[in-house]
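Residue-level listing of the chains:
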Amino acid sequence: GAVVSQHPSWVICKSGTSVKIECRSLDFQATTMFWYRQFPKQSLMLMATSNEGSKATYEQGVEKDKFLINHASLTLSTLTVTSAHPEDSSFYICSARDGGRSIRDTEAFFGQGTRLTVV
Amino acid sequence: AQSVAQPEDQVNVAEGNPLTVKCTYSVSGNPYLFWYVQYPNRGLQFLLKYITGDNLVKGSYGFEAEFNKSQTSFHLKKPSALVSDSALYFCAVRDYTGTASKLTFGTGTRLQVTL
Chain A
2 GAVVSQHPSW
12 VICKSGTSVK
22 IECRSLDFQA
32 TTMFWYRQFP
42 KQSLMLMATS
52 NEGSKATYEQ
62 GVEKDKFLIN
72 HASLTLSTLT
82 VTSAHPEDSS
92 FYICSARDGG
102 RSIRDTEAFF
112 GQGTRLTVV
Chain B
13 AQSVAQPEDQ
23 VNVAEGNPLT
33 VKCTYSVSGN
43 PYLFWYVQYP
53 NRGLQFLLKY
63 ITGDNLVKGS
73 YGFEAEFNKS
83 QTSFHLKKPS
93 ALVSDSALYF
103 CAVRDYTGTA
113 SKLTFGTGTR
123 LQVTL
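Residue numbers (the working numbering), protein chains in the order written: chain A, 2 to 120; chain B, 13 to 127.
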């Protein structure tokens, strides 16, 4: 299957600082990428849908000024957690769909995830 | 709105025995259903999908799933479990609206395979 690379795999940052997480599609063009957050022993919560060249669509309850998403190219989307606080500590996962294939038939491919710890 | 239910938090099975991980769904239109597996501190790996066609779908690592429209179920199965199958399994349904499509995940089922 297609490969989605997420970086870094883990990061520790101080409270009040910002952290950027990258999500790259390595062998396909991803017109749409999705950002999820996963709490321990819980399911994935969709945070936002990122479309190349346009503003991201945020799910209800997700602060767009805190979780900045940029999808400037067909192979790269970034999530920046601004002014991070300990409650932002979580596992963040991106996924991407091959834009050259039918939306209906295409499964999403996931990055490896990023473990963020804010101290 | 669509939803997915995975009624079991954990499934325990002995190696070599068949396994079933349950999933039921609710969707207004045609269901597009997926199974993913997650290993510790990793992203999700795609196992299989149902879009249309045969009700029995075969996927990666010997897994298969049976789509049952009348019972609105999409249970994941494997004839003979391996210890290495131990992981967290997610069922998901796709809502196709407009130009984007979102996956809604179930709460996950932890599969524990023992010797």
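Since the hints were made in silico from the structure, they are not lab data. You may find that some hints are simply not true.
To spell it out: a stretch of chain B is covered by chain A in this simulated footprint if at least three of its residues, at any positions, have a beta carbon under 8 Å from a beta carbon of chain A; those stretches are [as the list claims (entries may be wrong)]: (1) 45-58; (2) 118-125.
Within a straight-line C-alpha distance of at most 30 Å, the following computed DSSO-like cross-link-like pairs (lysine-lysine) qualify [claimed, not checked]: (3) A:Lys21 x A:Lys67; (4) A:Lys56 x A:Lys15; (5) B:Lys81 x B:Lys34; (6) A:Lys56 x A:Lys67; (7) B:Lys61 x B:Lys34; (8) B:Lys114 x A:Lys21; (9) A:Lys65 x A:Lys15; (10) A:Lys15 x B:Lys81; (11) A:Lys42 x B:Lys61; (12) B:Lys114 x A:Lys67; (13) B:Lys81 x B:Lys70; (14) A:Lys56 x B:Lys34; (15) A:Lys42 x A:Lys65; (16) A:Lys42 x B:Lys89; (17) B:Lys114 x B:Lys34; (18) A:Lys21 x A:Lys65; (19) A:Lys21 x A:Lys56; (20) B:Lys114 x B:Lys89; (21) B:Lys70 x B:Lys34; (22) A:Lys65 x B:Lys114; (23) B:Lys61 x B:Lys114; (24) B:Lys34 x B:Lys89; (25) A:Lys42 x A:Lys21; (26) A:Lys67 x A:Lys42; (27) B:Lys61 x B:Lys89; (28) A:Lys56 x B:Lys114; (29) A:Lys21 x B:Lys89.
We put the beta carbon where it would ideally sit given N, CA and C, even for glycine.
Hint check results:
{"no.": "1", "hint": "45-58", "verdict": "holds (count 8)"}
{"no.": "2", "hint": "118-125", "verdict": "holds (count 3)"}
{"no.": "3", "hint": "A:Lys21 x A:Lys67", "verdict": "holds (12 Å)"}
{"no.": "4", "hint": "A:Lys56 x A:Lys15", "verdict": "holds (28 Å)"}
{"no.": "5", "hint": "B:Lys81 x B:Lys34", "verdict": "holds (14 Å)"}
{"no.": "6", "hint": "A:Lys56 x A:Lys67", "verdict": "holds (15 Å)"}
{"no.": "7", "hint": "B:Lys61 x B:Lys34", "verdict": "holds (15 Å)"}
{"no.": "8", "hint": "B:Lys114 x A:Lys21", "verdict": "holds (23 Å)"}
{"no.": "9", "hint": "A:Lys65 x A:Lys15", "verdict": "holds (21 Å)"}
{"no.": "10", "hint": "A:Lys15 x B:Lys81", "verdict": "violated (50 Å)"}
{"no.": "11", "hint": "A:Lys42 x B:Lys61", "verdict": "holds (24 Å)"}
{"no.": "12", "hint": "B:Lys114 x A:Lys67", "verdict": "holds (22 Å)"}
{"no.": "13", "hint": "B:Lys81 x B:Lys70", "verdict": "holds (17 Å)"}
{"no.": "14", "hint": "A:Lys56 x B:Lys34", "verdict": "violated (37 Å)"}
{"no.": "15", "hint": "A:Lys42 x A:Lys65", "verdict": "holds (25 Å)"}
{"no.": "16", "hint": "A:Lys42 x B:Lys89", "verdict": "holds (22 Å)"}
{"no.": "17", "hint": "B:Lys114 x B:Lys34", "verdict": "holds (21 Å)"}
{"no.": "18", "hint": "A:Lys21 x A:Lys65", "verdict": "holds (14 Å)"}
{"no.": "19", "hint": "A:Lys21 x A:Lys56", "verdict": "holds (17 Å)"}
{"no.": "20", "hint": "B:Lys114 x B:Lys89", "verdict": "holds (25 Å)"}
{"no.": "21", "hint": "B:Lys70 x B:Lys34", "verdict": "holds (16 Å)"}
{"no.": "22", "hint": "A:Lys65 x B:Lys114", "verdict": "holds (18 Å)"}
{"no.": "23", "hint": "B:Lys61 x B:Lys114", "verdict": "holds (15 Å)"}
{"no.": "24", "hint": "B:Lys34 x B:Lys89", "verdict": "holds (9 Å)"}
{"no.": "25", "hint": "A:Lys42 x A:Lys21", "verdict": "holds (24 Å)"}
{"no.": "26", "hint": "A:Lys67 x A:Lys42", "verdict": "holds (24 Å)"}
{"no.": "27", "hint": "B:Lys61 x B:Lys89", "verdict": "holds (13 Å)"}
{"no.": "28", "hint": "A:Lys56 x B:Lys114", "verdict": "holds (17 Å)"}
{"no.": "29", "hint": "A:Lys21 x B:Lys89", "verdict": "violated (39 Å)"}
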